[in-house]
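Given chain A, work out where chain B should sit, using these hints.
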Amino acid sequence: MVRRHGHERSDRMQFTLLYLETAAEAARGESAEAPAYWGAWGAYMAAMGAAGIMVGGNALMPPATATTLRIADGKWQVEDGPFAETKEQLGGYVVIEVPDLDTALHWAAQAPCATAGSVEVRPVMPSPGA
Amino acid sequence: MNEAARRSAEPPGCAPLAAALAARTSYGRLLALLASRSRDIAAAEDALAEALATALAVWPARGVPDNPDAWLLTAARRNIGRARARGATAARESETMQMLQDERDAAGPLPFGDDRLKLLFVCTHPAIAADVQAPLMLQTVLGLDAARIAASFLVSPAAMGQKLVRAKRRIRDAGIAFQVPDAAQLPARLAAVLQAIYAAFGNGWDDLKTRDGLTSEAIWLARLLCELQPEQPEAIGLLALMLHCEARRPARRDAAGAFVPLSAQDPQRWDAAMLHEAEALLRFAACFGTPGRFQLEAAIQSLHAERVLTGADHGTALLALHDLLLRIAPSAGAAVARAAVLAETDPAAALDALAALTDRCADYQPWWATRAHVLRRLGDGDGARVAARAAADRTGDAAVRHYLLATLQD
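Chains A and B, in that order, give the protein sequences. Under this note's numbering, the first sequence has 8 at position 8, and the numbering climbs by one with no breaks. Each number in this note's numbering comes from the position in the second sequence (counting from 1) with 1000 added on.
Okay, chain B solo, but in the shape it has when bound:
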């Protein structure tokens, strides 16, 4: 069931029930348990939705059970059995009857474990198309509906719904197991999980206009991953990176809604608790002594934040981090970000660095914005204006566009 439907279905004045259902932790945990053996996520979702609907109808009258999750799990398993029996042979039905008997025998709270880690790995299995991995994770672990996810990923709800249905069918039919990868596969598979979480975050981050951004959901997923796999420095690094960015959210727009670049932000408006947590996580990750992409990106954000807070110039350290990042995880984005740092000390070298990226960055807004900044520093006002206009034409964010166009007046 999607969150909106769940919320609208909540009867008023039933706080314990609302609390039980609102607990994100229950949805993903129950779904993972229901799907992990059958691999049939769609069937598990239907069964869980039905169980939740039954709970809404039954609990207000009979009271919330001592262990709501165990109650929901039992009800959902029964629903799965019933759904199977509807389309099954006589032989199957007798198995289902046996299962129902088993369920009756299992009176009292069921002890159960946590299969959500396996669910995260299934959603990001290399046999699942890359563009549906993050949406699949958001839906199965957090219970978000396709329309909400579609809004964040800028596709139509129908298209997103189809992608998700196809991916779930594939998991069921292709034989993708619910299991934690073995040691040899783990680093690559974990990287895919991190990538998908970051994709969910990025879609919420890029467009501040939509209140439907999924940044808090992405942070929640990263927390979950860190809880389930506590000794993975890159997972900790990703959480630190996202917290650094999220901490600045309140300061990214002024009272009038205009874009405020980082260097001009008022750190008083940053979320201090998030910032401190990010810093602590980064230090903890560093203890493992295995730097990676996300730790480096978090460290870069940490230095940026410190410069705004204290005015300390970390230009050399910043450039070193960017160099390392480019070596570990080369990308156009990382190369442009490095050029932006280089522009502070050596704008001519920065211009050369950008020129080397021309072919790959024709439609990349940050490349044009950085180029405008570099040309302005070099005293080329006309060139800077051309680049700023090109950057403005390449952003979907009205506030950023307004900011870039305002620099044309300089």
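In isolation and in its complexed conformation, chain A is listed as follows:
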């Protein structure tokens, strides 16, 4: 048996799951398939809630509603639309607290967009005092 010490890494880590969807997949949410689409997301979120791993998260309005700002020469440049047109768009995110990457990947794999899109899994940077 290896003895455990108080200073060792804590048993849980926070990960952000970024849900990336194709435009076609995202459009299902406003089509005749909307009940199935939202039902799948609802069940998925409920499962994570029941597992007690959710720290927070949100679904986002579509990229068309985005406003992008950058400052050049001290002046605001405000643009209509997302930062970049890409094949996949950010549809939402959650922060979960789990023991390791494999557990985070397990939850990422359950996301409805894992097949028709992808999920980016990133560790949350620990705060300096933690």
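Since the hints were derived computationally from the structure, they do not count as laboratory data. Each hint should be verified, as a subset may be incorrect.
Just some of the chain B residues that point at chain A, by a computed CB distance under 8 Å [what the hints assert, rightly or not]: (1) 1127; (2) 1173; (3) 1174; (4) 1175; (5) 1176; (6) 1177.
If you want the ones that stay clear, here's a sample from chain A, every Cβ over 12 Å from chain B, calculated [claimed, not checked]: (7) 35; (8) 40; (9) 77; (10) 114.
Pair ranges (Cβ atoms, derived) [claimed, not checked]: (11) 68(A) with 1231(B): 52 to 58 Å; (12) 1130(B) with 66(A): 34 to 40 Å; (13) 68(A) with 1131(B): 32 to 38 Å; (14) 1396(B) with 83(A): 42 to 48 Å; (15) 1360(B) with 66(A): 39 to 45 Å.
The beta carbon of each residue, even a glycine, is placed where N, CA and C say it ideally should be.
Same frame as chain A, but now just chain B:
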């Protein structure tokens, strides 16, 4: 610490110490234990290197402790605590003091387990780039230094060092756990471990010129895996395959250093013990009744060896094994190898099979060499010479190149 540095640091006339440190089993075992909770392989390596250096300085005077591994583990843990304390807050320091107290309380040999299996799975986690998995394994489990690994993988030591540093940082920061995958994940994850071991072997096998080949290291890793996971037929199959190939090493070159193809090898020069072990392993693996890529490849090598030993023609069985291999694990290499077997009985069909692979194999040396062989059998001397020259241009091994060019004279 790398092996060369460890060796050069060994004081003369200190056999027990040398033996303790040379034991490969200790390095990987200690590193796995030190890194498995923190996931910080680099910090564990530093701490272990420091502990080994201290041992070299202290043991000759005070004598080798009864349990050298436990001594090294305690010293390395203390080093980790010290390194943490150097950059830590007051709160952290008190935890470290507590840890040091714990260590003092733990007088006598520490009982400890074996986390090397977890280490093998961490090194080959899908979140780690495929090309660094085998080097990472060689370094963390066997303690090889980056330069030695780089020589075998034909990259610069600096580039290899960087890759390894990046991979270790990723393991620490991405949250990759030191654990044996659950049953659902195990087959795929085990396949990755086998693949990485075979990659380490292949890099030692392809170039006989470099004495730095890592074939014996790869075989050692496969033995370790079979010991830690005794009921995995594919792991046993991989070990059998590598032993079959390694057994033939002494016969692959003649006294003058010229390449000797398998069919012309003198089986007296094969390593009989390795060959017998390979055969026994293959039979044992077959008991599980779940064939796989490595078992099939080992079985193919077994038939090749038997043909040289007894002259028995296993053409039909060989082709059946190749067909199965292509179905289970399709690859250009497997398809070319099948064509080479087919050439013995039906060269025209073999030529067709090769033609179907043309697009994928333009720079694949075995494709050109097999094509040369097939065309020669079909009586197309000119075509055979063109293919043999193309094959010669695509090998980095001077002896093989010489052999291929010699066939131009036929």
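So, going through the hints one by one against the coordinates:
no.	hint	result
1	1127	6 Å, holds
2	1173	6 Å, holds
3	1174	5 Å, holds
4	1175	4 Å, holds
5	1176	5 Å, holds
6	1177	3 Å, holds
7	35	31 Å, holds
8	40	22 Å, holds
9	77	34 Å, holds
10	114	15 Å, holds
11	68(A) with 1231(B): 52 to 58 Å	57 Å, holds
12	1130(B) with 66(A): 34 to 40 Å	36 Å, holds
13	68(A) with 1131(B): 32 to 38 Å	37 Å, holds
14	1396(B) with 83(A): 42 to 48 Å	46 Å, holds
15	1360(B) with 66(A): 39 to 45 Å	44 Å, holds
Going through the hint list in order, the structure satisfies each hint without exception.
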